Amino acid sequence: MPSLGASYGRGAATLPQWDLANSDCVLVMGSNMAENHPIAFRFVMQAKAKGATVIHADPRFTRTSALADIYAPVRAGSDIAFLGGVIRHILENDLWFREYAMDYTNIATIISPDYQDPERLDGVFSGWNEDGKRYTMDTWQYEGMAVPSSLAEHHVDTTESFNKTSKRTDQRPPPEDRTLQHPNCVYQIMRRHYARYTPEMVERVTGCPAKVFLKVCDALVRNSGRERTGAICYAVGWTHHSTGVQMIRGAGIIQALLGNVGRPGGGVLALRGHSSIQGSTDIPTLYDMLPGYLQQPHAYRPHKTFDEYIETERTPTGWWHNFPKYTVSLLKAWYGDHAAKSNGWGYEWLPKIVGDHSQLPMTLAMRDRVIRGMFFLGQNPAIGGSNSKVVQAGMAQLDWMVVRDCAETETASFWSQGHLIRDGDMRPEDIGTEVFLMPACLAGEKDGTFTNTHRLLQWHDKVVEGPGDDRSELWFIYHLGKRLKELYADSTLERDKPIRNLTWNYREMGPQCDPSAEDVLKEINGYTWVDRKQLSTVQ
Amino acid sequence: MKRIPRRSIADRIGGFVRDWSLPRQMAGQSSATEAAESRLSRGLRPRLEEADTVGTSICPYCAVGCSQLIYARNGRPIQVEGDPRSPINQGTLCPKGAATLGLMTMPERIDTVMYRAPHSTRWENRPLDWAMERIAYLVKRTRDETMVHKLPDGEVVNHSLGIGSLGGATLDNEENYLIKKLFSGGLGMVWIENQARV
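These protein sequences, in sequence, are chains A and B.
Quick note on numbering: the first sequence equals residues 1 to 539 in this note's numbering.
Quick note on numbering: the second sequence equals residues 1 to 198 in this note's numbering.
Since the hints were derived computationally from the structure, they do not count as laboratory data.
Please read these numbers as outputs of a predicted model, since none were measured by experiment.
You may find that some hints are simply not true.
As the list claims (entries may be wrong) - Simulated pairs of lysine-lysine, PhoX-like, Cα-Cα distance not exceeding 20 Å:
#1 B:K150 x B:K140
#2 B:K150 x A:K482
#3 A:K304 x A:K485
#4 B:K150 x A:K304
#5 A:K533 x A:K522
#6 A:K485 x A:K497
#7 B:K140 x A:K497
#8 A:K497 x B:K96
#9 A:K341 x A:K497
#10 B:K140 x A:K485
Turn these sequences into a full structure, and let the hints guide you.
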């Protein structure tokens with residue numbers, strides 16, 4: 001969900017969980033926090049014991065509702081209307097935290113004169129392209145310049161002119177009207193846009209009685225300002241909507257208006273579901289990013305060479321002006337002595353993506369025999385993926401697949417017990433997929449770190465060996481890589497250079513030759529190339 | 001678990017008189033310590049005393065990140081509980097986290113490689129080393145068949161669309177790092193994805 005990143009510049013919770021105890025008002029929305037994150041919910045209850053107002057807005061009356069001071073029932077999926085109503089309430093009644101928002105948000109910034117509201121354009125914003133059914137965003141930029149969003153969001157359809165205007169941000173700050181009277185300043189645009197979200201409209205769309213809705217608004221506003229703060233917690237009740245990005249953005253705007261970010265007890269807390277889901281975004285097994293939110297090179301962008309890639313992606317201001325340093329560090333870590341200034345640090349060895357390679361297109365690529373071999377690493381798409389029958393039909397088209405899990409999952413046994421067999425579409429004899437189910441270790445049976453929901457890295461020990469042939473992912477990937485490097489050792493082909501040049505030196509520990517997780521962590525952390533000294537700061 | 005032998009009525013009465021707390025409290029023993037003891041409770045030992053190892057872990061379920069202490073005996077886990085040193089859970093665990101020992105020792109857990117040959121109707125157990133060699137061979141074969149070094153216009157793309165990888169949100173940071181490094185930086189795979197997109 002590229003929303004917190006787009007709003008605040010970093011895509012993660014803005015406060016640690018224990019800081020909820022300092023909050024004066026906690027709004028839980030799109031989550032049954034009391035049951036699904038009970039340990040984190042303790043901090044909400046601590047806040048409540050100190051007098052905080054707890055609000056639960058949800059279609060279901062759950063245990064979270066039972067423990068809340070205010071329960072606001074909403075229709076499933078109507079969250080944008082609810083949050084929009086809160087924004088209107090704050091703006092129209094002039095209840096926003098002026099000193100905070102004027103200095104820490106772009107509320108006074110003037111937007112391009114080419115921008116036009118949907119009121120004028122029959123329901124769409126300026127930049128709508130009817131043929132392509134998509135927006136170009138040139139008219140949405142600051143007047144005379146564009147400020148690049150955080151790098152992770154760059155893949156969201158940016159145009160070339162965006163790149164050119166974004167280079168101007170170091171020449172002067174964006175134009176502002178601190179009297180907030182300019183018709184195209186952010187404040188006025190927001191007021192026009194949110195005018196429609198009246199309490200009556202909120203009641204009509206969400207089903208939440210206007211009286212209850214106003215009680216929620218009042219509690220949020222009352223608990224903000226110089227002396228007080230409020231927090232918003234959400235979970236998959238927002239992110240599993242196709243409009244999840246917009247819901248989180250709504251929460252982001254509310255908290256920016258109320259001055260609730262970066263102060264004790266204030267913020268937006270994403271309650272993530274998997275043990276290291278934040279970590280797997282930061283150090284991503286995602287197609288469009290390299291570790292540390294660097295862009296994966298794209299064949300259809302100006303990314304041909306290292307210099308072109310850097311020129312396109314670097315920004316003149318903000319922390320991301322360090323982008324070239326991060327890129328060289330990564331290439332050096334991956335290709336070692338083979339990466340040199342003369343060959344663009346081995347940049348061309350990185351594969352270039354050609355489009356959307358996320359899970360849904362991946363499923364279709366399996367079905368259409370573009371993908372012929374698959375690894376399923378602790379994920380069970382046969383029941384967890386969208387349209388499970390298509391997923392399983394895709395698996396049946398593969399030449400081979402490797403499932404790594406601690407039990408026989410539905411993904412592993414799709415060929416004998418899946419939908420295709422159950423519905424009589426195929427018999428196991430018809431399915432040519434070669435399946436490996438590799439037993440996997442759990443935390444406690446391997447060393448490593450998880451990144452929790454508020455981006456805290458925590459180490460877990462290997463206390464016992466996993467049973468039998470159970471191995472960690474680290475073991476599997478390391479030994480697979482070692483074997484592949486041997487298989488490619490004699491290749492002279494240009495295309496095999498990346499695997500041949502890949503640095504792969506980790507200490508092997510114990511009777512099972514586990515690669516040292518500490519060595520890998522040290523590489524993630526970064527060290528100086530010459531004397532291998534671990535870095536203690538980010539520079 | 002030790003079996004407690006059934007006692008006769010006389011034994012029970014005798015035991016009750018001996019263990020009865022009230023006279024002992026009146027004799028000056030503390031109700032919180034000596035007077036609270038019975039013969040049975042005197043013989044009870046904590047399960048953790050049997051452990052020969054203890055280590056720190058992080059709960060494998062959600063992303064709240066509760067710390068756990070895993071106690072083991074002879075290389076097998078015997079107890080998993082909340083770590084009181086954690087600022088997140090301060091020694092507590094939710095019902096799911098408290099059942100982590102059950103996850104580690106569940107009967108459904110597999111401990112050998114299971115292999116299903118093309119068109120076969122059954123699983124076979126295979127040695128780990130054999131499976132690793134076979135997987136490495138298949139990866140190389142598919143990669144070599146599908147690798148594209150340059151597009152027709154001459155742009156170097158160095159990618160293979162023939163192999164994919166799905167998963168990672170339940171894995172360690174170090175594991176995700178090596179997956180991306182080998183699959184993307186080494187093999188040129190582009191279909192690399194996990195649950196975190198949503």
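Taking the hints in turn, this is what the structure says about them:
1. At most 20 Å may separate the alpha-carbon atoms for a hinted pair to count; B:K150 and B:K140 meet this at roughly 19 Å.
2. Pair hint B:K150 plus A:K482 does not hold up; C-alpha atoms about 26 Å apart against a cutoff of 20 Å.
3. For the proposed pair A:K304 and A:K485, the alpha carbon gap of about 27 Å is over 20 Å, so the pair is violated.
4. With a C-alpha separation of about 11 Å, the suggested pairing of B:K150 with A:K304 holds against the 20 Å cut-off.
5. With a C-alpha separation of about 10 Å, the suggested pair A:K533 and A:K522 falls inside the 20 Å cut-off, and the hint holds.
6. Restraint check: the Cα-Cα separation between A:K485 and A:K497 comes to about 10 Å, which is no more than 20 Å; the hinted pair holds.
7. The suggested pairing of B:K140 with A:K497 holds, with an alpha-carbon distance near 14 Å, which does not exceed 20 Å.
8. Our distance criterion of 20 Å between C-alpha atoms is broken by A:K497 and B:K96, whose separation comes to about 47 Å.
9. Taking the CA atoms of A:K341 and A:K497, the gap is near 17 Å; set against the 20 Å cutoff, the hint holds.
10. The hinted pair formed by B:K140 and A:K485 meets the criterion: a straight-line CA distance of about 10 Å does not exceed 20 Å.
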